[in-house]
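Asks: Listed below are the residues making up each chain.
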Amino acid sequence: MEREMKPAAKGALFVFTAGCLSYIFLKVPAAVGFANPELARLVTMHLPCAYVALVAATIAAWHGIAYLRKRDMASDIKSYVGAKIAFLYCFLTTITGSMFAKVQWGSFWNWDPRQTAVAVLLLVYAAYFTLRASIEDPERRAALSAVYVLFASILTPMLGYVIPTFFIDQSLHPKFAKFDVTYRMAIYPMAIALVWHLVWMFRLSVRAEKVNQAIAELELTSEGGMA
Amino acid sequence: MNLLPMLIVALMILGGLFAFTLMTERRIAAAEKRLAELGNDK
Amino acid sequence: MWVKETLAIAGKELRTEWRSRVALASLGLFVACSIALVALSTARIPLNGAGGKEIGSQIAAALIWIQVCFASAMGLGRAFVVESERGTMTALRLHARATAVWAGKFIGNTLLLLGVCVITVPTTCGVLGVTVKHPGALIAVVVLAAIGMGAVFTTTGALVAQTSARGGLLAALSFPILLPAFVSGVDGTLRAIGWRLSASAAFLDTSGGILVQLLSYAVLAIAASLLLFDAIWND
Chain A
1 MEREMKPAAK GALFVFTAGC LSYIFLKVPA AVGFANPELA RLVTMHLPCA
51 YVALVAATIA AWHGIAYLRK RDMASDIKSY VGAKIAFLYC FLTTITGSMF
101 AKVQWGSFWN WDPRQTAVAV LLLVYAAYFT LRASIEDPER RAALSAVYVL
151 FASILTPMLG YVIPTFFIDQ SLHPKFAKFD VTYRMAIYPM AIALVWHLVW
201 MFRLSVRAEK VNQAIAELEL TSEGGMA
Chain B
1 MNLLPMLIVA LMILGGLFAF TLMTERRIAA AEKRLAELGN DK
Chain C
1 MWVKETLAIA GKELRTEWRS RVALASLGLF VACSIALVAL STARIPLNGA
51 GGKEIGSQIA AALIWIQVCF ASAMGLGRAF VVESERGTMT ALRLHARATA
101 VWAGKFIGNT LLLLGVCVIT VPTTCGVLGV TVKHPGALIA VVVLAAIGMG
151 AVFTTTGALV AQTSARGGLL AALSFPILLP AFVSGVDGTL RAIGWRLSAS
201 AAFLDTSGGI LVQLLSYAVL AIAASLLLFD AIWND
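First to last, the sequence lines map onto chains A, B and C. Heads up: the first sequence begins at 1 in this note's numbering, then just goes up one per residue. Heads up: the second sequence begins at 1 in this note's numbering, then just goes up one per residue. Heads up: the third sequence begins at 1 in this note's numbering, then just goes up one per residue.
Calculated from the structure, these hints are not laboratory results. Treat the hints loosely; a few may be bogus.
What the hints assert, rightly or not - Label pairs and their calculated CB-CB ranges:
| hint | chain 1 | residue 1 | chain 2 | residue 2 | range |
| --- | --- | --- | --- | --- | --- |
| 1 | A | PRO138 | C | HIS95 | 47 to 57 Å |
| 2 | C | LEU29 | A | ARG69 | 41 to 51 Å |
| 3 | A | ASP137 | B | ASP41 | 19 to 29 Å |
Stated by the list, open to error - If you only want the chain C side, here are some residues facing chain A, beta carbon under 7 Å, derived:
| hint | residue |
| --- | --- |
| 4 | LEU92 |
| 5 | LEU94 |
| 6 | HIS95 |
| 7 | VAL183 |
Every residue, glycine too, gets a C-beta built ideally from N, C-alpha and C.
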């Protein structure tokens, strides 16, 4: 069984997150130079989500490699959960980004290179889940999805950062953004809060996945026994 | 006033994350109970 | 020894293909049809008018690589599927090292992909009235991109051959991975055509970086595939 997060830690996480949120809304100033300076504060949600997606992708890759080396099914579950969380945060990054785009650039979706690249990234993870669904044998599924999740995790920073920054010239996104200290003081703690939450969610989801698999197995054998 | 939409968005995302994890915790507890019962039946 | 095994597998791959010509024929037909569609759908665009060259080169660069991607997704997945349908996978596992199998299939796939490019590139350029300013550079772009894409398709093809989905999944698994090569390929093609470059500019001075991008993509794709193929193959 995975170690569970203690109630005190959960409380602390809650307070910390609430603190980050109040800092964003009470202290962070409006950003001059944007179409809507007030709502430029959205980056303090948008960027942390992107960072956490990267962290989750790294977790998925790490456990994918671990599976290929040791062939332990527990690593497969962890890698799968990591990929799920990476997908979730890619999605949240897209959502917050698209709201930012609406208030600043006038439309929810502009086909900006980075938006397109992240849309493709969502497709990569969707392909990963389809791949998993299309293989019956658990060990083969684990091995093949471990291989694909490595590609997915390499692509996460590539599509999210490297290609839109260095390979394509025109973009609405800033290239090497230098944030004001007040913004950095909001972005990094929020990223910490989300990573902290990720640890909690990761352990829980791994536990859930294990229990579900065990139940499915038991049900399968008991049905076989009845027939 | 201008910030209200963003406050809603932020609360929805963070609240959603917390609600999701807390619900998962509940579900796991139930599933683990079920697993134990299934194990006893065998 | 490894080279021998690789060449034997590549040779076998090409010989069986040459005997039936299934992939070649279907790819040729696919490319011919898509060229016809390109010609029809761009008929209203004034390619000979003012700014026509500009539009023509942009459309050509994009369409060439879209066609290559879709043609490859149709034709290149077959290598491993055929193997598992014939039941020859086990024999191949016994007689050759995993990396040699990969390399052999990779050579076969890349040659097929280059074959597609040889038809697609000149015909698309011809249909859209594009004159290529740096033919040598265009060849370099195409060859490097084909190597990278061939490597990716060989690995994803092996993945898909072991699933129950096969056909449709290959495109879904490969296209996102191909995106970097696709972006650089389109960019490189545009520059080789001479889009927005002064007439006297040498290709390497202005656009050599794109060749480096494509080369590093190919090297990365090959290295990752060789490292990971063992896990796909021996399972």
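Asks: Now, for every hint given, state plainly whether the structure supports it.
Replies: Structure-based check of all given hints:
no.: 1; hint: PRO138/A / HIS95/C: 47 to 57 Å; in the structure: violated (28 Å)
no.: 2; hint: LEU29/C / ARG69/A: 41 to 51 Å; in the structure: holds (45 Å)
no.: 3; hint: ASP137/A / ASP41/B: 19 to 29 Å; in the structure: holds (28 Å)
no.: 4; hint: LEU92; in the structure: violated (17 Å)
no.: 5; hint: LEU94; in the structure: violated (19 Å)
no.: 6; hint: HIS95; in the structure: violated (22 Å)
no.: 7; hint: VAL183; in the structure: holds (6 Å)
The structure fails hints 1, 4, 5, 6 (numbered hints given earlier, in ascending order).
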